[in-house]
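Letter by letter, the chains look like this.
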Amino acid sequence: MDKTTKISSKSTSGKPIRCRAAVARKAGEPLVIEEVIVAPPQTGEVRVKIICTSLCYSDVTFLNLKDPPASFPRILGHEAVGVIESVGEGVSEFVEGDMVIPIFMSECGECTDCKSKKSNLCSKFPFKISPWLHDGTSRFTDLKGETIYHFLFVSSFTEYTVVHIANVTKVDSAIPPNRACLLSCGVSTGVGAAWKSANVEAGSTVAIFGLGSIGLAVAEGARLCGAAKIIGVDINPEKFETAKAFGVTDFVDSRSTGNKRVSQIINDMTDGGADYCFECVGRAFLVEEAFASSRKGWGKTIVIGVDQPGSQLKFNSFDVLHFGKTISGSLFGGLKPKTDIQTLIKRYMDKELELDKFVTHEVGFADINKAFDLLIGGKSLRCVIWMDK
Amino acid sequence: MDRAHIDESSKSSAGKPIRCRAAVARKAGEPLVMEEVIVAPPKFEEVRIRIICTSLCHTDVTYLKLKDPSACFPRILGHEAVGVVESVGEGVTEFHKGDTVIPIFMSECAECRDCKSKKSNLCSKFPFEISPWLHDGTSRFTDLKGQTLYHFMFVSSFVEYTVVHVANVTKLDSPIPPNRACLLSCGVSTGVGAAWRSANVEEGSTVAIFGLGSIGLAVAEGARLCGAAKIIGIDLNPEKFEIAKGFGITDFVNSRGCGDKRVSQIINEMTSGGADYCFECAGKAFLVEEAYACCRKGWGKTIVIGLDKPDSKLTFSSLEVLSQGKTIMGSTFGGLKPKSDIPIIIKRYMDEELELDKFVTHEVSFEDINKAFDLLLEGKSIRCVIWMDK
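Order-wise, the sequence lines are chains X and S. So for the first sequence, this note's numbering puts the first residue at 60; every next one is plus one. So for the second sequence, this note's numbering puts the first residue at 129; every next one is plus one.
Quick caveat, the hints were computed from the structure, so don't treat them as lab data. Some hints could be false.
[To be verified] Partial chain S-side listing against chain X, Cβ under 8 Å, derived:
id, residue
1, Asp242
2, Gly426
3, Lys441
4, Leu442
5, Gln452
6, Lys454
[Said to hold, decoys possible] Derived pair list, reagent style DSS-like, types lysine-lysine, alpha-carbon separation capped at 25 Å:
id, chain 1, residue 1, chain 2, residue 2
7, S, Lys246, X, Lys288
8, S, Lys246, X, Lys177
9, S, Lys441, X, Lys355
10, S, Lys441, X, Lys319
11, S, Lys425, X, Lys373
12, S, Lys425, X, Lys176
13, S, Lys425, X, Lys183
14, X, Lys355, S, Lys373
15, X, Lys288, S, Lys247
16, X, Lys255, S, Lys246
17, S, Lys244, X, Lys288
18, S, Lys425, X, Lys187
19, X, Lys373, X, Lys176
20, S, Lys373, S, Lys358
21, X, Lys355, S, Lys246
22, X, Lys255, S, Lys247
23, S, Lys437, X, Lys355
24, X, Lys174, S, Lys425
25, S, Lys412, X, Lys373
26, X, Lys397, S, Lys425
27, X, Lys176, S, Lys358
28, X, Lys373, S, Lys437
29, S, Lys425, X, Lys177
30, X, Lys177, S, Lys244
31, X, Lys176, S, Lys247
32, S, Lys425, X, Lys255
33, X, Lys355, S, Lys412
34, S, Lys247, X, Lys177
35, S, Lys358, X, Lys174
36, X, Lys355, S, Lys467
[As the list claims (entries may be wrong)] Computed footprint of chain S on chain X; a stretch qualifies when at least three of its residues, placed anywhere within it, have a C-beta under 8 Å from a C-beta of chain S:
id, stretch
37, 179-189
38, 348-361
39, 370-377
All figures in this text were calculated on a predicted structure; none of them were measured in a lab. For glycine and all other residues, C-beta sits at the position ideal for the given N, C-alpha and C.
From just these sequences and the hints, can you work out the full model?
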């Protein structure tokens with residue numbers, strides 16, 4: 060298949076672009092590389108040429124899900140970095156050629172939440188697993204003219220995408236693209252959860268349930284915050300060796316605890332419970348275990364993993380009343396996309412935040428389905444998919 | 129029945145058992161029985177206190193009625209009080225005979241990691257429990273037949289003399305009247321502290337309070353002191369609304385008058401998206417869940433204060449907890465450290481910022497203690513003070 064149209068003389072601006080996309084056509088089946096038409100950006104939108112994108116488990120979940128909010132055919136992908144190809148009406152924040160990260164969390168900058176330091180949940184464009192952009196329409200059609208759905212306001216498994224400016228942040232082009240794209244979701248979510256949502260104090264004890272990319276990003280964040288003890292809990296002991304490089308100091312193999320509950324083991328290891336417990340898998344019983352593993356008096360339990368719709372968390376009323384513990388959730392690590400990602404980039408450029416260790420594989424766009432196989436097979440952390448290879 | 133003739137002036141009672149009156153809970157659900165009991169002298173790190181007055185809290189009612197398995201009878205209930213130290217046990221340097229003190233169900237040993245931390249008021253040396261004993265696992269009370277009487281919440285104040293561990297006593301250096309001081313031993317401190325300490329209510333905030341009993345009203349008073357701009361009170365008894373105005377409540381929701389709408393929906397509408405802080409002060413799981421539903425996404429805090437049945441569960445949607453930016457927490461004794469924070473609250477009362485008078489709606493003498501129970505159960509009182517010497 061031919062390579063994409065070059066952006067040289069604004070020849071594409073205002074016109075539809077025909078390019079390659081990896082389309083999810085059927086639940087559970089490999090993505091289909093095909094040509095699609097990408098409409099120009101409308102008011103408040105930009106069209107972005109994707110440089111590279113990385114696979115996150117949420118993409119896998121929504122490829123495999125049969126029922127709503129799953130939608131087909133869809134362009135998945137939401138962790139990416141690219142260059143502005145053209146801007147819609149009313150856009151002054153970005154110009155053609157800017158290097159940008161698209162982000163599923165919106166930041167309109169105007170609503171009460173965006174103006175408050177306490178919240179990263181934009182109320183003008185709330186977080187949603189929507190098949191559309193904010194105006195309720197799609198910019199993608201296939202060659203038969205059929206609408207293709209968006210994903211998480213981003214849709215990055217395509218050479219060109221259209222995104223609302225509330226979902227875009229500019230980045231310094233000095234950061235390599237295959238590091239920048241990581242900040243679009245997973246690493247920011249984990250690092251932010253430790254830094255922003257939990258505000259982990261130096262010297263603290265932290266327990267992390269689930270050592271996938273998110274859990275490891277939480278460990279990296281906790282490490283940066285100066286946590287003294289970072290306990291990783293997983294069912295797969297093979298993850299422990301890798302996790303050491305992310306700051307995890309102690310391990311609990313949750314399938315080898317015998318008669319004891321994981322929380323009992325953690326309480327024994329920490330003399331009463333961890334100061335901060337992060338659930339990074341998306342299982343109600345693990346959130347409840349995390350709560351039981353947090354220290355009485357001040358222990359915080361933070362929910363990060365995305366569970367099935369309808370899943371419920373149950374706690375003893377007495378425990379919630381009398382144990383002095385807190386339960387909260389963290390979406391995108393509590394970060395405000397436009398301001399906080401800049402801080403993370405700086406910390407990476409200052410060699411404090413380590414990103415290289417997250418990228419375990421790289422493939423060309425034509426091999427995007429290999430990225431899925433690697434992740435589902437538990438063999439990768441982040442696999443970067445390059446568009447121009 | 130004669131009053132106890134204890135001649136404290138010549139130290140004749142120190143080191144000896146005291147025979148005095150107590151209101152004993154002998155059977156679940158039945159009125160307390162006024163009888164004479166024997167109160168042993170204080171042991172190591174304990175003090176014996178002559179109670180001046182005590183007030184009735186709903187937790188006493190709950191434990192009077194409880195049948196199984198947490199029920200313990202015969203028991204001396206009562207845990208909100210003020211008294212004077214009659215004698216001290218070995219190893220006690222913090223208190224002396226004659227000190228005016230408030231006994232408190234929350235312990236503060238001052239040595240454990242929790243007591244030393246600003247973040248916790250949950251002493252780990254003497255953890256909170258509704259125990260039938262003092263910390264050493266024994267009782268200081270026997271009836272005239274020699275049968276052991278159980279303690280309650282480490283305090284047991286429905287008696288002329290009680291024995292308490294020093295971790296459960298705070299000295300009163302202030303001329304605060306006894307029928308105001310006793311309130312700080314539980315209910316008012318719990319509510320005011322929940323707003324001030326646990327939630328850290330900011331000036332200008334919106335607060336919603338589920339349940340307008342004494343605790344809910346104390347939360348309102350605390351929120352008022354913190355400068356909350358809007359304090360919404362929710363109750364199923366609209367008669368409480370008029371009184372609640374005197375405690376800072378600005379808006380009311382009659383939870384039985386909502387029609388098709390849920391209470392949380394009404395509050396979300398009233399507050400354009402939810403309250404900054406929601407306090408559950410009734411002890412009902414569905415109300416905690418309702419409170420969670422109407423605290424504001426992004427930063428709303430839901431604080432559980434009401435004591436529910438032992439096996440009650442709170443249920444939340446996992447995705448909502450993940451994505452709505454809300455916090456769930458509980459508050460025991462308002463998050464207050466008894467020995468350091470109660471003096472602060474007393475000062476605010478003496479400076480005429482914190483208002484305590486409005487909490488005391490009735491006063492009775494000790495022999496009429498069962499009237500206090502009737503008044504509370506009938507919803508007619510906020511706090512009824514029971515005076516020992518009348």
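For each hint, the structure was consulted:
no., hint, in the structure
1, Asp242, "holds (5 Å)"
2, Gly426, "holds (3 Å)"
3, Lys441, "holds (5 Å)"
4, Leu442, "holds (5 Å)"
5, Gln452, "holds (7 Å)"
6, Lys454, "holds (7 Å)"
7, S:Lys246 / X:Lys288, "holds (21 Å)"
8, S:Lys246 / X:Lys177, "holds (22 Å)"
9, S:Lys441 / X:Lys355, "holds (18 Å)"
10, S:Lys441 / X:Lys319, "holds (23 Å)"
11, S:Lys425 / X:Lys373, "holds (20 Å)"
12, S:Lys425 / X:Lys176, "holds (13 Å)"
13, S:Lys425 / X:Lys183, "holds (13 Å)"
14, X:Lys355 / S:Lys373, "violated (36 Å)"
15, X:Lys288 / S:Lys247, "holds (19 Å)"
16, X:Lys255 / S:Lys246, "holds (21 Å)"
17, S:Lys244 / X:Lys288, "holds (21 Å)"
18, S:Lys425 / X:Lys187, "holds (14 Å)"
19, X:Lys373 / X:Lys176, "violated (30 Å)"
20, S:Lys373 / S:Lys358, "holds (12 Å)"
21, X:Lys355 / S:Lys246, "holds (13 Å)"
22, X:Lys255 / S:Lys247, "holds (19 Å)"
23, S:Lys437 / X:Lys355, "holds (21 Å)"
24, X:Lys174 / S:Lys425, "holds (14 Å)"
25, S:Lys412 / X:Lys373, "holds (15 Å)"
26, X:Lys397 / S:Lys425, "holds (20 Å)"
27, X:Lys176 / S:Lys358, "holds (21 Å)"
28, X:Lys373 / S:Lys437, "holds (15 Å)"
29, S:Lys425 / X:Lys177, "holds (10 Å)"
30, X:Lys177 / S:Lys244, "violated (29 Å)"
31, X:Lys176 / S:Lys247, "holds (22 Å)"
32, S:Lys425 / X:Lys255, "holds (17 Å)"
33, X:Lys355 / S:Lys412, "holds (22 Å)"
34, S:Lys247 / X:Lys177, "holds (20 Å)"
35, S:Lys358 / X:Lys174, "holds (21 Å)"
36, X:Lys355 / S:Lys467, "holds (20 Å)"
37, 179-189, "holds (count 4)"
38, 348-361, "holds (count 3)"
39, 370-377, "holds (count 8)"
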